[in-house]
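Going down the list, the sequences are from chains A and B.
Throughout the first sequence, residue numbering follows the working numbering, covering 1 to 459 in sequence.
Throughout the second sequence, residue numbering follows the working numbering, covering 460 to 918 in sequence.
Calculated directly from the structure, the hints in this document are not laboratory data.
The beta carbon of each residue, even a glycine, is placed where N, CA and C say it ideally should be.
There's no promise every hint is true.
As the list claims (entries may be wrong) - Covered by chain B, per the in silico footprint, the following chain A stretches (three or more residues, Cβ under 8 Å):
#	segment
1	59-65
2	89-99
3	157-169
4	303-315
5	328-338
6	372-382
Stated by the list, open to error - The following residues of chain B were derived to be distant from chain A, with all beta-carbon distances above 10 Å:
#	residue
7	I546
8	K574
9	I624
10	K693
11	I906
In case you want the letters, here they are:
Number of protein chains: 2
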Amino acid sequence: MEENITYEPFELTREFLDNLHLFIESDDKSKVKEYLQELHPADIAEIYDELNIDEAKYTFLLLDQEVAADVLAELEEDDRKKFLKIIPSDILAKRFIENMDSDDATDVIQELPDKKRERVLSYLKDDEQTEDIKELLNYDEDTAGGLMAKELFAIHQDITIRQCIVELRKQAESVDEVYYIYVIDDNDKVVGTLSLKSLLTSPAQTKIFDICNTDIISVQAEEKSEEVALMMQKYDLVALPVVSFDGELLGRITIDDVVDVIKDEAEKDYQMISGLTDDVESSDSIYRLTRARFPWLLIGLFGGILGAGVIGYFEGDIIKYAGLALFLPLIAAMGGNAGVQSSSIVVQGIASGDLGIDSIGQKLIKELAVSFLNGIILSVLIFTYSFFFNDSYPLTISVSIALFIVIIFASIFGTLTPLILNRFKIDPALATGPFITTVNDIMGLLIYLSIARVVFLMF
Amino acid sequence: MEENITYEPFELTREFLDNLHLFIESDDKSKVKEYLQELHPADIAEIYDELNIDEAKYTFLLLDQEVAADVLAELEEDDRKKFLKIIPSDILAKRFIENMDSDDATDVIQELPDKKRERVLSYLKDDEQTEDIKELLNYDEDTAGGLMAKELFAIHQDITIRQCIVELRKQAESVDEVYYIYVIDDNDKVVGTLSLKSLLTSPAQTKIFDICNTDIISVQAEEKSEEVALMMQKYDLVALPVVSFDGELLGRITIDDVVDVIKDEAEKDYQMISGLTDDVESSDSIYRLTRARFPWLLIGLFGGILGAGVIGYFEGDIIKYAGLALFLPLIAAMGGNAGVQSSSIVVQGIASGDLGIDSIGQKLIKELAVSFLNGIILSVLIFTYSFFFNDSYPLTISVSIALFIVIIFASIFGTLTPLILNRFKIDPALATGPFITTVNDIMGLLIYLSIARVVFLMF
Numbered sequence: 001m002e003e004n005i006t007y008e009p010f011e012l013t014r015e016f017l018d019n020l021h022l023f024i025e026s027d028d029k030s031k032v033k034e035y036l037q038e039l040h041p042a043d044i045a046e047i048y049d050e051l052n053i054d055e056a057k058y059t060f061l062l063l064d065q066e067v068a069a070d071v072l073a074e075l076e077e078d079d080r081k082k083f084l085k086i087i088p089s090d091i092l093a094k095r096f097i098e099n100m101d102s103d104d105a106t107d108v109i110q111e112l113p114d115k116k117r118e119r120v121l122s123y124l125k126d127d128e129q130t131e132d133i134k135e136l137l138n139y140d141e142d143t144a145g146g147l148m149a150k151e152l153f154a155i156h157q158d159i160t161i162r163q164c165i166v167e168l169r170k171q172a173e174s175v176d177e178v179y180y181i182y183v184i185d186d187n188d189k190v191v192g193t194l195s196l197k198s199l200l201t202s203p204a205q206t207k208i209f210d211i212c213n214t215d216i217i218s219v220q221a222e223e224k225s226e227e228v229a230l231m232m233q234k235y236d237l238v239a240l241p242v243v244s245f246d247g248e249l250l251g252r253i254t255i256d257d258v259v260d261v262i263k264d265e266a267e268k269d270y271q272m273i274s275g276l277t278d279d280v281e282s283s284d285s286i287y288r289l290t291r292a293r294f295p296w297l298l299i300g301l302f303g304g305i306l307g308a309g310v311i312g313y314f315e316g317d318i319i320k321y322a323g324l325a326l327f328l329p330l331i332a333a334m335g336g337n338a339g340v341q342s343s344s345i346v347v348q349g350i351a352s353g354d355l356g357i358d359s360i361g362q363k364l365i366k367e368l369a370v371s372f373l374n375g376i377i378l379s380v381l382i383f384t385y386s387f388f389f390n391d392s393y394p395l396t397i398s399v400s401i402a403l404f405i406v407i408i409f410a411s412i413f414g415t416l417t418p419l420i421l422n423r424f425k426i427d428p429a430l431a432t433g434p435f436i437t438t439v440n441d442i443m444g445l446l447i448y449l450s451i452a453r454v455v456f457l458m459f
Numbered sequence: 460m461e462e463n464i465t466y467e468p469f470e471l472t473r474e475f476l477d478n479l480h481l482f483i484e485s486d487d488k489s490k491v492k493e494y495l496q497e498l499h500p501a502d503i504a505e506i507y508d509e510l511n512i513d514e515a516k517y518t519f520l521l522l523d524q525e526v527a528a529d530v531l532a533e534l535e536e537d538d539r540k541k542f543l544k545i546i547p548s549d550i551l552a553k554r555f556i557e558n559m560d561s562d563d564a565t566d567v568i569q570e571l572p573d574k575k576r577e578r579v580l581s582y583l584k585d586d587e588q589t590e591d592i593k594e595l596l597n598y599d600e601d602t603a604g605g606l607m608a609k610e611l612f613a614i615h616q617d618i619t620i621r622q623c624i625v626e627l628r629k630q631a632e633s634v635d636e637v638y639y640i641y642v643i644d645d646n647d648k649v650v651g652t653l654s655l656k657s658l659l660t661s662p663a664q665t666k667i668f669d670i671c672n673t674d675i676i677s678v679q680a681e682e683k684s685e686e687v688a689l690m691m692q693k694y695d696l697v698a699l700p701v702v703s704f705d706g707e708l709l710g711r712i713t714i715d716d717v718v719d720v721i722k723d724e725a726e727k728d729y730q731m732i733s734g735l736t737d738d739v740e741s742s743d744s745i746y747r748l749t750r751a752r753f754p755w756l757l758i759g760l761f762g763g764i765l766g767a768g769v770i771g772y773f774e775g776d777i778i779k780y781a782g783l784a785l786f787l788p789l790i791a792a793m794g795g796n797a798g799v800q801s802s803s804i805v806v807q808g809i810a811s812g813d814l815g816i817d818s819i820g821q822k823l824i825k826e827l828a829v830s831f832l833n834g835i836i837l838s839v840l841i842f843t844y845s846f847f848f849n850d851s852y853p854l855t856i857s858v859s860i861a862l863f864i865v866i867i868f869a870s871i872f873g874t875l876t877p878l879i880l881n882r883f884k885i886d887p888a889l890a891t892g893p894f895i896t897t898v899n900d901i902m903g904l905l906i907y908l909s910i911a912r913v914v915f916l917m918f
């Protein structure tokens, strides 16, 4: 029996960290060990985020090999890169990689520079593992092949339940968890899955082929990881077999890896719409946080300067009718808001693979209807306000008409841009960033001041 | 052997839908059946989104009972509600609920009005299922209890492998998929999990207790679903046992249900930052789309009117120095951008349970440093631009100082607001919505025009 440990949800506190620092400083190995050994590898990885590289190395060498391997797999890429730099190739191979599943091992090895990669591979004793990793290294990180692991249970369709159990016992040594047992034919083609239920409830002489479930959903190794994630979500799959072009079983993807893909995708889109150029957290360094935020602020500044140019062009009008200045921020902001609403709906639709079956033309007509409705209501509201609180009729008329047009323009522009970007294989989420908002701001100013010039001339 | 069907990734096309409409119209039952029977229930559910209620009912009654039950479980809540209204209680119980797992069945029954709920429950023939559903109905939808299903494999710790296999055969009838076998003691307390590997590789006489893995992570039924999602993500779990206060095994949550929680959470935050008040898709009705977008636009309009009030207060200054108008939109926009960046970083941190261990004071000092750096660079840039392209020194000085202060103010305000909202148990994501952006816009104008008044007086 393994040790009796129940993981309590762990919360990293300042106190815990202070103690740990103290133990490391005083070289109290047994205390450090005692402190860490009750934790889950994922929790230890979280602590490493807060240690410096020497402290990390010190504690790492105190962990059991298997725990250490799990921690390495759980570390965030930045932290791991730092750590991989200081670990010699032989230790990396023997203490870490050999204790990892093929997918995690490949992820780690992928992050090494070419030379070190070769060296680490040459130190691996298990030929099968080495071969698996070499195969997995060939796949693009963002494909099904890049997500899959080689560890799986596969049995031939022609054997019996009794033979199957013998075979599974053999394979069990190299596979930790099992979610599905895959059934293959002479050409290693997946023909079905065998449930534990069928395995347990069928007579020992039954042929596997007669009881396996042939409703299998599989994915080709070249498929994009976003597509894999959408499939596994839609069909509620826990594991998905990955096959070659002609159906040969290559590996399997488990849902926990896909959860990371789903989270990363959502975070990327969120980042874009918040105007961040990097996946930052509040615990990151001041330099990283500043760097992630500066680019979009800079674009905003340029946009503002262009806007100032537009307003400068109409400065004569503003000198004559200073009231025009009142609504400059309102018009700019409303254009920005309406545009972001439209583009985020389209971006979400593209991300979830659920854009509906309407053509672009139908989408635009609908968008026109929606923005027409919102525009007309808001326009009437601003007209009413301005009518009672401003004594300039031309101003009231200008701002009302401009608001209506700006909302329609921004909505259409916000709908079209992500669709066009997507058509050209550019990340449509770009359309939700400050770039498009800035364009909408400027267009809004141009529309407003142009309309005002005409209206004021007429009165 | 079951039917040999391999699911191709299905893509709903206009052509497919037109044909389906045609077959339904001409009452061609066999064609409709043929058309649908090759599809996965999740795909059929997608099609239902595009059918009217009569068409949906027509096709629903042509499906196999088990498929129909799966489709009902997969339907989006809106679509399902419409459908549940027109199905009589006895059919709902016998054709649908009885073919569902306890968690899905409970979700459906939860959506019924009280009276119909009682009636449906009374029509169920399986007493155990009825009891399970009644128990699950007691849990809040947003808790571990609300997510869990009662179907699981549980075996007593004191039996042997041989007895275990007999026991599993018995239980297999009511459980479709198995990811873990839970080991319990005399009080139904979970003491461990048994892997398929141990089950297959241990001698028949081995006691379960001696080979089970006691490193179990469990969750109490009252735990919030967000916490469950974070736990399962962090610890890479495929299934998680749900226990009562004293450790009694109540049910299990599988990762596919949690993936929906993760997606919903991410979507909610994204929606908030895009200024949408409802989870809309481009395929929704014009009315729904307009309604989801109007509220935030209205807040933006009020903000703009308040901004106009601020500018109106300084109208005298603008009449004297029309150049002031040039930078009104720039200052407002930059405040908004910087604020959203700050609050979205905090909101993401709260959502991922990873705010770091810094105190609020330390967070603010860091934020101050980051915004100071960005502010100083942008301020120098606008100073340089304005110095060369404007002949008014007071204006150049005003806009540079104002931009610097506005960026710092907006960043601090953007950091604090979600933290405060969270402290008061209000959704911190509110801070990323147009509401805060609008406040930042207005504060920006106030800061800019106040500084300008002082600077222009000094020159």
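Hint check results:
no. : hint    : verdict
1   : 59-65   : violated (count 0)
2   : 89-99   : violated (count 0)
3   : 157-169 : holds (count 3)
4   : 303-315 : holds (count 8)
5   : 328-338 : holds (count 10)
6   : 372-382 : holds (count 6)
7   : I546    : holds, 23 Å
8   : K574    : holds, 31 Å
9   : I624    : violated, 6 Å
10  : K693    : violated, 5 Å
11  : I906    : holds, 13 Å
Hint violations for this structure: numbers 1, 2, 9, 10, all remaining hints satisfied.
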